[in-house]
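Colleague: Those protein sequences? They're chains A and B, same order as listed. The first sequence: position 96 = 96 (our numbering), numbered continuously. The second sequence: position 185 = 391 (our numbering), numbered continuously.
If you're looking for bench data, these hints aren't it; they were derived computationally from the structure. Treat the hints with care, as some may be off.
[To be verified] Stretch by stretch, here's where chain B covers chain A in the computed footprint (C-beta under 8 Å, at least three residues): (1) 33-42; (2) 53-62; (3) 161-175; (4) 198-205.
Ideal Cβ positions, reconstructed from N, Cα and C, are used throughout, including at glycine.
Read off the chains here:
There are 2 protein chains.
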Amino acid sequence: MNKGIMVVVSGFSGAGKGTVMKRLTAKYDEYALSVSVTTRDPRPGEEEGREYFFRTEEEFQKLIDEEGLIEYAQYVKHSYGTPRAYVEEQLAAGKNVILEIEIQGAMKIKEKYPDTMLVFVCPPSMEILRERLTGRGTETAEVIEGRLKRAVEESRGMDQYEYLLINDDLEECVDTLHNMIRSERLRASRNTDFIEKIQKEAEAFV
Amino acid sequence: MNKGIMVVVSGFSGAGKGTVMKRLTAKYDEYALSVSVTTRDPRPGEEEGREYFFRTEEEFQKLIDEEGLIEYAQYVKHSYGTPRAYVEEQLAAGKNVILEIEIQGAMKIKEKYPDTMLVFVCPPSMEILRERLTGRGTETAEVIEGRLKRAVEESRGMDQYEYLLINDDLEECVDTLHNMIRSERLRASRNTDFIEKIQKEAEAFV
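Whole structure, please, built from the sequences with the hints as guidance.
Modeller: Dropping the structure here:
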């Protein structure tokens, strides 16, 4: 049990994924948060290497050509991808690598790396999510409708995930996720080397 | 998430399963420990309904005929089985039911009830187990050899289990098992009703 595991966290926009991930990585040092690379421009307050690595179309294409991304996808007119080097370094160092990505990327990663753990974050109720998405009456009807449509899309994919994580209380949610990942690492299928070692040692008994 | 789950706990004799189960059920009230029925005679200190329910061959056969056992097996010349009524009552009451049984029974239960969670308890090292099994020099060579052979048998089945639980420190082991069971209950495949509810509520957004 020395190599870490990859954990994909998806879920409803507005379910508080980002806050949970920040708290998880601050509270426990066995996690590393993967930072995506994108071709879109930074928004005010975003920092290179914190929210995203910001790259040009050419640089992004070069990453693809060099197999430097473990998955990538295009949304609207911009590209997003997960840099391979960081993920592999952190796994080798025994960290569990958290990838906060959307369902298309999640499914691509699961196909390529079947050992990836898939977690879907839900709000405590859809009524609470609807209230958050409709906002405080400051957004246009169009913006709100877009958000609600997106939530419908997101809900359709949730049965593709392995675990559900309800985000009601932040600390409780973080600890539940932490325990979930620790338990997942104790699956027999992830510890075949250990099982073989025990079996060999037992065979030597007689 | 109202019905409990069945958890089969097997593992090496001498790995401390019994102590872990006693502490788990004493520490958390969401567990119920299934008590097996047997045709063998009580040993000194054993109590009806605590270690086992002690029944005659005829009573045992009647239980089988009435489908009162969820699994049963014969070891040497005695029969052992798991009474159905208690398991079903406790699951309906939301308790997780722990069944401490051997591999043959474990596999039969998993086949009949695929939702059963399978946990295998290991000692921290096989050297520690060997020391425990060879005892303090008070047993005959035959008794010791029997125990070691049994450990070899037990080790051969461990890859049939879903989770490994290392029993090093008792409290840590109990909490790890508790977290494992809680996490298992958050599997998407165990919460299809909840997923459908969320999806329906989301569809109503637009």
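Colleague: Now tell me if each hint is right for this structure.
Modeller: Verification of the hints:
1. 33-42: This one is violated; 0 residues, fewer than the three required, reach chain B with a Cβ under 8 Å.
2. 53-62: This one is violated; 0 residues, fewer than the three required, reach chain B with a Cβ under 8 Å.
3. 161-175: holds (count 5)
4. 198-205: holds (count 6)
When each numbered hint is compared with the structure, violations occur for hints 1 and 2.
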